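Visitor: Letter by letter, the chains look like this.
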Amino acid sequence: MLRIKQSNPMHSVQDLGRYGFASQGVAKAGPMDSVAACWANACLGNAVTLPLLEIGGGGFVAEFTKDVNFALTGAWGEMTLDGKPLPGPGAYPVSAGSVLRLGRFSSGMFSYVAVQGGFAIQPVLGSVSTCQRDSLGGLDGQGESLSIDDTLPYQASEHRPLNLIPRRYLDSYHQPLVCDVILRETDQFASDATEVFLNQGYKVTREQSRMGYRLEGDLSIVAERPRYSVPIPLGGIQVPPSGQPIVLMRDHQSLGGYPMLGTLTRKSLGQLAQRRAGQMVSFRAVSREIAVQEFLQCRQFFGDFR
Amino acid sequence: MSDLKSIQWVSEDTIEVHLGDPVASETLEKVERLSRWIQATHLPWLIDYCYGFGLLSLVVRPDLISAVQLNQTLHDVLKMPSQRSSDNESDLIEISVCYDPTFGIDLKSISERTQLSIDAVIEAHYSRDYRVLATGFVPGFAYLGETDPSLHLPRRDVPRTRIPVGSVAIAENQTVIYPKQTPGGWHIIGRMPGSIVSFTDQSIHAQLSMGKSVRFRPISLTEFQRLEAAHAPD
Chain H
127 MLRIKQSNPM
137 HSVQDLGRYG
147 FASQGVAKAG
157 PMDSVAACWA
167 NACLGNAVTL
177 PLLEIGGGGF
187 VAEFTKDVNF
197 ALTGAWGEMT
207 LDGKPLPGPG
217 AYPVSAGSVL
227 RLGRFSSGMF
237 SYVAVQGGFA
247 IQPVLGSVST
257 CQRDSLGGLD
267 GQGESLSIDD
277 TLPYQASEHR
287 PLNLIPRRYL
297 DSYHQPLVCD
307 VILRETDQFA
317 SDATEVFLNQ
327 GYKVTREQSR
337 MGYRLEGDLS
347 IVAERPRYSV
357 PIPLGGIQVP
367 PSGQPIVLMR
377 DHQSLGGYPM
387 LGTLTRKSLG
397 QLAQRRAGQM
407 VSFRAVSREI
417 AVQEFLQCRQ
427 FFGDFR
Chain P
8 MSDLKSIQWV
18 SEDTIEVHLG
28 DPVASETLEK
38 VERLSRWIQA
48 THLPWLIDYC
58 YGFGLLSLVV
68 RPDLISAVQL
78 NQTLHDVLKM
88 PSQRSSDNES
98 DLIEISVCYD
108 PTFGIDLKSI
118 SERTQLSIDA
128 VIEAHYSRDY
138 RVLATGFVPG
148 FAYLGETDPS
158 LHLPRRDVPR
168 TRIPVGSVAI
178 AENQTVIYPK
188 QTPGGWHIIG
198 RMPGSIVSFT
208 DQSIHAQLSM
218 GKSVRFRPIS
228 LTEFQRLEAA
238 HAPD
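So the protein lines, in turn, are chains H and P.
All residue numbers for the first sequence refer to this note's numbering, where the first residue is 127 and numbers rise by one.
All residue numbers for the second sequence refer to this note's numbering, where the first residue is 8 and numbers rise by one.
If you're looking for bench data, these hints aren't it; they were derived computationally from the structure.
Bear in mind the structure is a predicted one, so any value in this text is a computation, not a measurement.
Fair warning: there could be bad hints in the mix.
Claimed, not checked - Computed footprint of chain P on chain H; a stretch qualifies when at least three of its residues, placed anywhere within it, have a C-beta under 8 Å from a C-beta of chain P:
#1 148–156
#2 308–315
#3 322–333
As the list claims (entries may be wrong) - Covered by chain H, per the in silico footprint, the following chain P stretches (three or more residues, Cβ under 8 Å):
#4 99–112
#5 122–136
#6 164–175
#7 191–201
#8 226–237
Stated by the list, open to error - Quick list of the computed label-pair ranges, beta carbon to beta carbon:
#9 P:Ser134 <-> H:Gly429: 39 to 47 Å
#10 P:Thr48 <-> H:Val187: 19 to 27 Å
#11 P:Ser32 <-> H:Ser233: 51 to 59 Å
#12 H:Asp318 <-> P:Val75: 28 to 36 Å
#13 P:Val75 <-> H:Ala282: 57 to 65 Å
#14 H:Thr312 <-> P:Thr48: 28 to 36 Å
#15 P:Glu230 <-> H:Ser273: 40 to 48 Å
#16 H:Arg286 <-> P:Ser32: 54 to 62 Å
Cβ atoms here follow ideal geometry from the backbone N, Cα and C, with glycine treated the same way.
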């Protein structure tokens, strides 16, 4: 098993999320960057739906008590195994007693740690994904994040060959990001809203959580507040009265009372999730057809994708 | 095409279906039919769904269904004869509420703002039946409407950080019951004994869901305490 030696509240158990309960107000949860999370399982030959760890912001130390193959993807920084730096995202064999240390991240916000065969964790409402807001998932089923001395048993698994992640699929989270957005047909905004939104850069602010990321641009967007709350899609871009957008992340509430400009594609949402406060993002419109094509390619490639 | 206002893809896997005016009974009947159908039918293309105020949001497998096919399917469902008949009764849920000022901490301010006596506020609240207009926010939370126009008030300017479980509250043209302790900006008028929602590892049992109606039954503080004790775990 994996024994946690050092942890923080942004370290949690996730899988691809909790579906089927949105009508009752349950959040989807799941990995903030689902592309990086899918790679962690995929390079071990696992099904991408298996439980793994999401490590937000570094500061994670854990010991493997049994030989296993593990994978590390997503955000990168001072990553060491028994004190030796790991060369990059991918799968590695470890022997019993090895210590994995994820120090300060220099690129990105969330890393993913998977083991061959997956961690054996009891699902709640069909998923192990930790959602603190709903008090669901995680090791105890009550939505707690990982803490020191937690032990995570791994599922017995046959040894499968490890897959390399081709270089072209390795994301760097340093550069300014251009997000793809499916725009919405709506009459709740001033006529220049889309133009304002697409033609300026936005700074990621410190107000970022698993529920949403607040962005900040020079010009605000003028919108009417609707009378009723409406269902929110994952990646939805809400505009509150401040005129500064909020992008809704995995733990978002199911209904919201602010008008929505559009929705980020799932890939762009993961990319945005990896950006830290102060980094710049901008947006470009993408047709729904192109977005679906890309989404289905991910689904086909990974076997599932959410 | 008259039954559905519009269908829009809002992301790669999410479709929104506009069903009409959120408080019109016509809309609520459509919602009811669609939700019964969703719950009763195995739909391989459907991953999740959510309903709120005239809008049905469906998370689908875009490789298994197109917007055109979905449009046709929903039309067919809405055209089917209504199955609402014998089980009508179970759709009306009676919920006991204690309107004692111990729980109804905003009754006094509501009375001042609406210029109604406290008793008149309470009576206006329990003397009509409500329908579920939306579910969501947190597990078990349902928006019920419409309340009597004399009770319509905007939400509180400063939301409370903690509202006790079971609190019954009003704001705008709606009333709600808090399924868990959360922050909230609604005006609190009473409390129900026990809980509106229960969990197991496999499921949620929420008493209020799409298609249900609610009738509030006023109870005394003594009866509240008796019922609350009966609900308490051993």
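Visitor: Now tell me if each hint is right for this structure.
Guide: Cross-check of the supplied hints:
1. 148–156: Three-residue rule met by the segment 148–156 of chain H, so holds; n is 6.
2. 308–315: holds (count 3)
3. 322–333: violated (count 0)
4. 99–112: violated (count 0)
5. 122–136: With 0 residues in contact (Cβ-Cβ under 8 Å with chain H), the coverage given for the segment 122–136 of chain P is violated.
6. 164–175: violated (count 0)
7. 191–201: violated (count 0)
8. 226–237: Coverage by chain H is violated for the segment 226–237 of chain P (0 residues, Cβ < 8 Å).
9. P:Ser134 <-> H:Gly429: 39 to 47 Å: violated, 56 Å
10. P:Thr48 <-> H:Val187: 19 to 27 Å: violated, 49 Å
11. P:Ser32 <-> H:Ser233: 51 to 59 Å: The hinted range 51 to 59 Å holds for P:Ser32 and H:Ser233, with Cβ atoms some 55 Å apart.
12. H:Asp318 <-> P:Val75: 28 to 36 Å: Once the Cβ atoms are compared, 33 Å apart, the range 28 to 36 Å for P:Val75 and H:Asp318 holds.
13. P:Val75 <-> H:Ala282: 57 to 65 Å: The hinted range 57 to 65 Å is violated for P:Val75 and H:Ala282, with Cβ atoms some 47 Å apart.
14. H:Thr312 <-> P:Thr48: 28 to 36 Å: holds, 31 Å
15. P:Glu230 <-> H:Ser273: 40 to 48 Å: Roughly 43 Å apart at Cβ, these two residues keep to the hinted range, so it holds.
16. H:Arg286 <-> P:Ser32: 54 to 62 Å: holds, 57 Å
The structure fails to meet hints 3, 4, 5, 6, 7, 8, 9, 10, 13 from the earlier list, while all remaining hints are met.
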